[in-house]
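Knowing the structure of chain A, use the given hints to seat chain B on it.
Spelled out from the first residue to the last, the chains are:
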Amino acid sequence: MKFAWLVLALFGARFVTTAIAFPPGDGDLYWQRMLGAQVLRAHAVPRALGPESLTAPYAPWVPQEWLFGIAAYFGSSGLGWDLFSGACALAALAALIIACMHAVRRGASELAVAVCAACAGIALFESFGVRAQVAAWPFLALLLFALDGEGLWPFAAVAIAAVWSNLHASAMLAPVLAAVSAVGSGLDERGFGPRTRRLALVAGLCALAICCNPFGWDLPRYALGLFDNPIKSYISEWKVTDIDDNSFAFGALPLLLGAMVLGTVGAPGDRRWRDGFVLGVFAFLVLSAARNVNIFGIGALPIVASALTRRVPRFERAPQGPPTDADRIAAWALPVGALGLALVIGVKLASHAPPATGLANAPLAALAKMPGEHDIYCADFAWCSLALGVPHERVFLDGRADPYPRPVWEDFVAVLRIDPRWQAILAGRGVNTVVVKRNSPLDQALAITHGWRTAYADKEYRLYLRAGART
Amino acid sequence: MIGAVATAAIDRPGAAQPGIVAVRAYWAAAALLAAAIAAAASVAHPDAGAVALARAFGSAILRDRAIPMHLGAQTFTAPSASTGGVGWLGALAIELLARSGRATAAFATIVTALATFALVGARAQRRAGWLFAPAAVALAAACALGSLGVAGGIVTAAFAAALALVLERPGPRAAAAATVLAVVWCNVAPQGLLAPAIALCAALEAAIASAPAERRRWAWFACAGTALGTLATPALLAYHALAFEGLRVDRALEGIVAFHPIDVAPLAYRVGFMCAVLAAIALGLQRPASVPLFLAAALLALANGSYVVVFGVLAPPLLAASAAALLPRVAAFDARSASAAGFCAAFAVVVAAAGAWWASERPAPSAPGYDLAAAVAQGGKPHRLLCADVDWCDAALAASPAIAVFADGRVAAYPPAVLKRQADTVQLKASWRRTLDRDRVDAILARKNRSFAGLVGMSPGWHEVASDDAAELFERAAVTP
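One line per chain: the protein sequences are A and B, in this order.
Heads up: the first sequence begins at 1 in the working numbering, then just goes up one per residue.
Heads up: the second sequence begins at 1 in the working numbering, then just goes up one per residue.
Simulated from the structure, these hints should not be mistaken for laboratory data.
A quick note: this is a predicted structure, and the numbers were derived from the prediction, not measured.
All residues carry an ideal CB built from backbone N, CA and C; glycine is no exception.
Hints may contain errors.
Simulated crosslink set (DSSO-like; lysine-lysine; CA at most 30 angstroms straight-line) [as the list claims (entries may be wrong)]: (1) A/Lys459 x B/Lys429; (2) B/Lys448 x B/Lys429; (3) A/Lys437 x A/Lys369; (4) A/Lys239 x B/Lys448; (5) B/Lys420 x B/Lys448; (6) A/Lys239 x B/Lys381; (7) B/Lys448 x A/Lys437; (8) A/Lys459 x B/Lys420; (9) A/Lys437 x A/Lys239; (10) A/Lys232 x B/Lys429.
Every beta carbon over 10 angstroms from chain A, so not counted as near; a handful from chain B, in silico [unchecked claim]: (11) Ile61; (12) Asp64; (13) Ala177; (14) Pro261; (15) Phe273; (16) Ala325; (17) Arg329; (18) Phe333; (19) Trp357; (20) Lys381; (21) Val418; (22) Lys429; (23) Arg434; (24) Ala453; (25) Glu475.
Next comes chain A alone, as it looks inside the complex (with noise of 0.2 angstroms):
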């Protein structure tokens, strides 16, 4: 591991500044701290939107995220957000660190590793920050881990479908993948051999445990719908990967075509149709979906790893001898040289840490001191995580998201897309008050229709206010 402690410190440098000192850039924190106050107040999770929602009140929901958003209450401000948002950085790293040591188990080189890891801390940037998915990443990679293991150690899996199903729905991934573990085994034993029926009995229980959480049934039973839910179309993060995104591109591409290039049923050893499988899951998945690039990153990187190992002469492994005054020097300094360097870079990256703007901040806060009651739309549905909770406004749609029905949807899009109608949806949903960025389409009708006015602007955002509407 000693390379790959430089590259992880490298990493954890980046993921600690970011989540710390830079401010949130996703919306989903706001509406989570909502979530955590409800629970915390009701003590019980709850089961549909509330009035503050305009299209949709009490319309059923999966709050998924119900442990993050208890989480993220605590760690709303001062030592308690510097706490919480360096978990969900310690988190990304405890991540790769798992899969890197998963790596080394399996007989990769410490060259192998190292490599794999820059690739695959890479195919986590543009997705991390403090957020819910990032605190599941090392589920996914213990349960890899685990599922890889000898004897009792994919049992192991069980109990992290449980914990993992309550903090996020990617939980669905552990049966799935203990079940394909179990028919790349099954091959693998040319039979229902012993390791085979251990992983297929793993798969069942992951199948039960990710129902341990406050939804039972509902939590597999959501992350289902969302296979065909319409409403992916029009979230960024849903849409296909792109060779243009820089996570996808150096980070999970290489590990990709390197798996592709290496393939894993020629390879010797007992796991070759099971390593296929399961990366076959990871390659439909990144392929399937940009949101997918880190986990792809986090399930390639021990597989691939080895298979580097063990193919290619420039990475194998260096024979082992008897640890030298240098090789224990190294074992502490390299780690230790990391963490100074990680400090560094961190310093040096927090006092570049940006403004927060990104979330229609200002624009929103001004509103908030506006008098009268405001029902929102926001061209950014997360902006509107902002406003919930606040008094007197309301939201046409959230960073919630999923539990909006699929007609609210297309009236955000009809809307967004200057449709014919979207000045009758405006009027008919009741919006009195509208958020959009400067000089966008949405700005640009509204400058020119009669009716709104001009509230609020920067040199970012613009509010518009219904002409005539209670202020």
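Then chain B, alone, in the frame of chain A:
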């Protein structure tokens, strides 16, 4: 068809001698595969924009007995910009085929598709034996879903497959044939620029595999020959720059053309490319020498989805070779049979003829956006048209010489400043109204239900006059210069 080429391809000493029933079953399966490809090609829609542009270009060549080298008066933003005559031979061929009737054009397309996959099969058979060849062809065909229509990318795939097959065994004849192929390909389409890249991969393969010195030398000669071949076009030295832009992989064209496989070739990406990726993850490349060609093809497909079909003809034979290396006993199956191969080829021709007849009898498929563009041009008014999708304007240019467009599918020829104005206008950047006024645009074809259409419709002086499933046409009454 697969077998006709494959039979002549190679002698595999030591191959197993299967029973006659197995050989017949093999060729029956090959014939069915050929029939499926022919059927898919006969129902495939042509690439309406490319066909329209090629026909306009081709008819101009036939009319003037000269190759137009500039955009001309059909564009009002850059009439003197040089096209270099890139693609003149392909345009001429499409126009001549179109003039000879729908059945002939359809037959030529189906035969091209069958020939392409026969070449893929032959290459796979050389590398992986008889049994894995049809699997490689099936994978290649899956990567061509949506690209089998006229001008839909199958010609590019055909040249790529032919070149890859020719370069399998480098030698003087292969080098000469590759050079000739490159010359023809470069005159047919800008994708001819891929010829030296494929030849380079073949040369690298020979070098990595430590092929005999003689073969390595000829592989490099072929590479040089194909590179020189790119100069043998009317554009001469300008070909490379024009062809590179014509490949549509340059991200400077963002907002002008579509790149992503899911937008350009959704079925081929979801079915063919995904299957190839999964097969590669399982099989890997057992010959390290195959890595350059495989990686180049994969990256090309990801850079622009229209090259998933090229990935399909280049990569599956490499994967078939890996499968053969892992399963040598299966790969040893020998299905050589001249009579069965002949029957298969004859069957494929009959199916192609039937498919062409059927394609010519059915009503011409509608092409939303393109049809509306053609209708604008045929409307009789002298328009200055801006199309949100530049390829739509190809249909307008083909329909009437009287119309003038802001930009069309010949994006390689347009100056970057014009393309930026086009993208800024469609994306409603701050200066979009100024651009429409300054260039005196009086008709706009906007994508239906998009912000551009919405805002144009709301703008004073503009009104919607027609629409179809993909586009809305706006006109304005008067323009202030």
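Status of each hint after checking the structure:
no. : hint                : verdict
1   : A/Lys459 x B/Lys429 : holds, 15 angstroms
2   : B/Lys448 x B/Lys429 : holds, 19 angstroms
3   : A/Lys437 x A/Lys369 : holds, 20 angstroms
4   : A/Lys239 x B/Lys448 : holds, 21 angstroms
5   : B/Lys420 x B/Lys448 : holds, 22 angstroms
6   : A/Lys239 x B/Lys381 : violated, 41 angstroms
7   : B/Lys448 x A/Lys437 : holds, 23 angstroms
8   : A/Lys459 x B/Lys420 : holds, 24 angstroms
9   : A/Lys437 x A/Lys239 : holds, 22 angstroms
10  : A/Lys232 x B/Lys429 : holds, 27 angstroms
11  : Ile61               : holds, 36 angstroms
12  : Asp64               : holds, 41 angstroms
13  : Ala177              : holds, 29 angstroms
14  : Pro261              : violated, 8 angstroms
15  : Phe273              : violated, 8 angstroms
16  : Ala325              : violated, 7 angstroms
17  : Arg329              : holds, 15 angstroms
18  : Phe333              : holds, 20 angstroms
19  : Trp357              : holds, 38 angstroms
20  : Lys381              : holds, 25 angstroms
21  : Val418              : holds, 22 angstroms
22  : Lys429              : violated, 8 angstroms
23  : Arg434              : holds, 13 angstroms
24  : Ala453              : violated, 8 angstroms
25  : Glu475              : holds, 17 angstroms
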